[in-house]
Each structure stands twice: as C-alpha cells, then as structure tokens.
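Q: Given only the sequences and the hints, what does the whole structure look like? Please build it.
The UniProt record's numbering numbers the first residue of the sequence shown as 1 and each following residue consecutively.
It is worth saying that the hints were derived from the structure and are not from the lab.
Be aware that one or more of the hints could be misleading.
Between beta-carbon pairs, the in silico distance windows are [unchecked claim]:
{"#": "1", "residue 1": "Leu3", "residue 2": "Asn115", "range": "35 to 41 Å"}
{"#": "2", "residue 1": "Leu19", "residue 2": "Arg62", "range": "32 to 38 Å"}
{"#": "3", "residue 1": "Lys92", "residue 2": "Pro113", "range": "31 to 37 Å"}
{"#": "4", "residue 1": "Tyr106", "residue 2": "Phe33", "range": "54 to 60 Å"}
{"#": "5", "residue 1": "Arg74", "residue 2": "Cys118", "range": "22 to 28 Å"}
Please read all numbers here as calculations on a predicted model, not as lab measurements.
Here a beta-carbon is modelled for each residue, glycine too, at the ideal position from N, C-alpha and C.
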Amino acid sequence: MQLLSGLVKTTLPNYLSGLPIPDSFGGWFRLGFKDWLSLVPPTAAVAGVVYMSYLAFCPSARPKPSGKANNKIRLTEPKVVDMIDIEDIAEKAAFCRCWKSGNWPYCDGSHGPHNKECGDNLGPVVVQRKKN
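A: Here's what the structure looks like:
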C-alpha cells in the first residue's frame with residue numbers, strides 16, 4: 001500500500017510537473033523534438049482511458065451480434081449436412097454445435113471463448129459407442 005501511496009503522492013505529481021506544457025497556444029509551436037517525445041506517454045494513456053470509457057459506456061460502440069448461427073462453414077450451400085458412419089468412430093467423437101470450429105464438423109473447443117463472451121453454455125454433441 002505504501003508503494004501505491006508513494007506513486008500517487010510523489011512520483012506521479014513530479015512526473016506531471018516536469019512535462020513541457022506551454023503557457024500559451026504559440027508555445028506549442030516552440031517545443032522541440034524531445035519535448036514532443038516526452039508528451040507521447042501521457043497522451044497515449046489519456047487516449048486509452050477515453051477509448052475504453054467509450055467502449056464501456058457507449059452502446060453504439062459495441063459490435064452488433066449477427067442473427068446467423070453459421071458465419072464460417074460452407075456459406076454457399078443452402079443447407080450444410082455431413083454424414084458420418086458410426087463405424088468410423090473409434091470410441092467417442094465430439095461434434096460442433098456452435099459453427100465456430102476450425103475442424104468442423106468435429107468440435108475443437110471454439111465454443112469456449114463464445115461462451116465467455118456471450119454468457120452462453122453451448123457445448124459439443126458427444127457420440128460414443130455403447131459399452132456392453
């Protein structure tokens with residue numbers, strides 16, 4: 001806690017007071033290259049905070065979800081159907097239901113990031129041989 005206190009009370013004010021911020025508008029034109037270079041980090045930090053605030057509080061900044069489930073797999077076909085023989089399955093196989101798998105029709109776990117992003121609980125269809 002003392003580290004944070006020292007940062008806020010001493011280090012940050014000393015850093016900000018040492019920045020070459022001119023008193024007049026014309027002073028900006030008299031700044032040298034090193035002066036402009038020293039203004040880049042605080043400007044980038046302020047721009048980052050403003051951008052993150054914009055994304056957090058402006059609903060129009062968020063990407064709109066697509067109404068389609070399949071945005072990736074064989075889009076030119078009217079209906080995507082794959083036939084797999086049960087004899088081809090060794091013990092068990094996980095099939096994709098989210099349309100995000102790079103190894104479609106098999107599941108590769110791509111639903112995990114989707115579930116975190118959307119708060120969804122989507123998972124694969126697991127087909128396995130009946131145990132005798």
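Q: If a hint holds in the structure, say so; if it doesn't, say that too.
A: We went through each hint and held it up to the structure:
Taken as a hint, the range 35 to 41 Å holds for the pair Leu3 and Asn115, whose Cβ atoms sit roughly 37 Å apart. For the pair Leu19 and Arg62, the supplied restraint of 32 to 38 Å holds, since their beta-carbon distance comes to about 34 Å. About 23 Å separates the C-beta atoms of Lys92 and Pro113, a value inconsistent with the hinted range of 31 to 37 Å. Between Tyr106 and Phe33 the beta carbons are some 56 Å apart, a value that agrees with the proposed interval 54 to 60 Å.
The beta-carbon spacing between Arg74 and Cys118, approximately 23 Å, falls within the hinted interval of 22 to 28 Å.
The structure shown violates just one earlier hint, number 3.
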